[in-house]
Each structure stands twice: as structure tokens, then as C-alpha cells.
Amino acid sequence: MKEKIKIVFVLPDMSGGGTERVVALLANEYVRKGYQTAILLFAGNQTAYHLDPKVELYVAGEASGGKFSIRLKRINRMRKFYQKNRGCYIFAFSVMGAVFSVLAAAGIPHRMLVSERNDPTKFKQWRIRNWAYMKAEKLVLQTEDTRKCFPERLREKAVVIPNPVADGMPEPFQGERKKRVVSVARLQPQKNHKLLLNAFAEFVKEYPEYQLHLFGIGELEEELRSQAKRLNIEEKVVFRGFSSNVKDAIWDNAMFVLSSDYEGISNSMIEALAMGVPVISTDCPVGGAKTYIQDNVSGILTPVGDQQALCDAMKRIAGDPELAKKLSYHGARIKEQYHLSKIADKFLEEAGI
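If you count the sequence shown from 1, position 303 lands on 303 in my numbering, and the numbers rise without skipping.
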């Protein structure tokens, strides 16, 4: 019976980000479907996204900074949780969440599904990752390209499940959009905001009425502010910080841009598409953007690191209202294909629930 099944999501923290957003959506959906659901955090206690009160939140530790004593205490607390919840289904949504869960749940009845959320080639401790992944019944990947990054023994237990589109997404905006280019991503090297700032600096010479709004926090904020100043666009670049309800802020914007060097699947990109915001994205590994975007139909794909192509794509949307409408219409159609309930059921099916 559903009420006797317990699903436990495992990740470091819920401080904001694409993975955390997906976990919040799935956890709330499973509670709605009648399953016991918990989120186990092993390196923090923040919850940036709304969680149904029925979702149990268990904090097993703090950020370790590499300290063995903190990690050992974390594993002990995780073990106590798994002992209390024998027979649970562990959904590990981080590499170290899988590693720590394998150690903490050793000898305790459970089933485990792990979900790779980024480009596997960027993870340096791949041996321990592959060891932990081999202990799981299923390895969930976000794209087919990701499968090629793993050895054959892991490919055999891998299945592709794309990210869901949240319920309640607004219909595409009708009318004259705000003259804003918007990006929603953590301010970290992977997202390559430096490329976006350089491209925008060229774009705004021809379209000076536009602003660039950056949603997200991260270690590069001061460096990016300095870059905007050097490019003489600091008055046109607005740093908006983190927002748990960013869709209301970008719904009527002119375009959304993702400039990442690599990516699992950008949830902010998915939401922008679903709302009908014209989207430009780098065609970055491991193939998440091209999974959702048909180039020049539902969005525009540009080569990774290509400043001129990114600038030209922005100019195309700004200068061609019919193209913008076309991208908006076709982008919004992903709501049907990637509905939250369908994706949630796929996870349950692969976990054997």
C-alpha cells in the first residue's frame, strides 16, 4: 500500500538550484499521491523552495569542509535514520549523497536509485562515484548523451528521465514584452556569465533600450559586477539575487539566455520555455538543451563559448517579432510532453514502486 512505502530524497542542502527545485517538485507530488516522503540533507539545513508540510525534513549534518570527523558524524546520523526507516526507497540526487547512503545504509534493508544531475566528465572522484552507483538498482540520467560518459556496467542499469515541468505555469505573455534579457543561474564558472556579459555589451550597442537581469547568487558576483563596469554596461545590468518565484519576474521579458559551458538540464530554461519566453541556450554537454529545444523552432541553440553567435541570436529575437512569437508558441508546448505527474510516475516505475 502507498502509505507503507517511504521515499527518501538525499542531497546536500536545499539552498536553491535546479536539482533542489526538482526534488521539491517530486517530493510534493509524491505526498499528493499518498506516499510517505522525506528529504535527507547531509550538508546544511536551508530550504529555499516550498515543501508540503507532510514532507519530512531530516538534517544529518553540516558542510564538512573536508573534515573526516564531521563526515563520520554525518554518516552515523544518516545510519540512524535508515535504521528507523528500514525498507525505504533512497533517491540519491547527488554523487556524495549516493556515496554516503551506501556507507550509512550498509546491512539495512533498502532500495536505491541514484540520479546524475550534471556532466559526469566534470566529477574528479569518478572511481568512488562509480562504486556507489554500482550499488544502486537504477541510475537515472537526464539525457542520452550522459549515458556515453559511463562504463558499460553502469550503462546497463541506466535509464533516461528528463526533468519535469511544474504545474501551474502561466500561459505565454501576449503583448509587447519588456526590453529585458534575463538569465537565471548560479553565479559560478560553469554558467559562463562572462560570455553573456561580453555578448550583451555588443548587443546593447544596437539595442540600447535593453537591460540584462541576472537572477542567482554565487562566488563570482563581485567579479561579474566589475566586468560589467569595465564594459561600461553596469547601469544596464541588474543583479537580482535568488528568487524562489522567479517565473513571475521573467514571464513578460523579451528573452531568456543560458550561456553555460556544460549543464545537466537547466530547470530555469525549462520554465522559461514552458512560459513561452523566447529562449537562447548554448548547445552544451551533456545535451540537456537540445533535448528540449528544436533549433530555430522552439528556441535558438548557439555553440559553447561563441560570443558572436550569442550576440547574433539576441539580435535576431530583438529585431524579429514574428520569430519571437514563433519561439514562444513552440517552446510552451513542452508542458504537455514533460508534465510533472508523468515524470514522477516514471521515477516510481524505475524504482520498482
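One or more of the hints may lead you astray.
Unchecked claim - Taking lysine-lysine and the DSS-like style, the derived pairs with C-alpha atoms no more than 25 Å apart in a straight line are: (1) K194 - K205; (2) K179 - K54; (3) K179 - K124; (4) K342 - K54; (5) K179 - K148; (6) K346 - K138; (7) K67 - K2; (8) K138 - K178; (9) K2 - K148; (10) K178 - K194; (11) K148 - K124; (12) K54 - K205; (13) K236 - K205; (14) K2 - K342; (15) K138 - K2; (16) K4 - K178.
Quick caveat, the hints were computed from the structure, so don't treat them as lab data.
Here is what the structure says about each hint:
1. K194 - K205: Measuring from Cα to Cα gives roughly 17 Å; hence the hint holds.
2. K179 - K54: violated, 41 Å
3. K179 - K124: violated, 41 Å
4. K342 - K54: holds, 21 Å
5. K179 - K148: violated, 40 Å
6. K346 - K138: holds, 12 Å
7. K67 - K2: violated, 39 Å
8. K138 - K178: violated, 44 Å
9. K2 - K148: Not OK: K2 and K148 at ~35 Å, beyond 25 Å, violated.
10. K178 - K194: holds, 23 Å
11. K148 - K124: holds, 17 Å
12. K54 - K205: violated, 52 Å
13. K236 - K205: Holds. K236 to K205 sits at ~12 Å (cutoff 25 Å).
14. K2 - K342: Distance of about 17 Å is within 25 Å: holds.
15. K138 - K2: holds, 21 Å
16. K4 - K178: violated, 50 Å
The structure does not agree with the numbered hints 2, 3, 5, 7, 8, 9, 12 and 16 stated previously, though it agrees with the rest.
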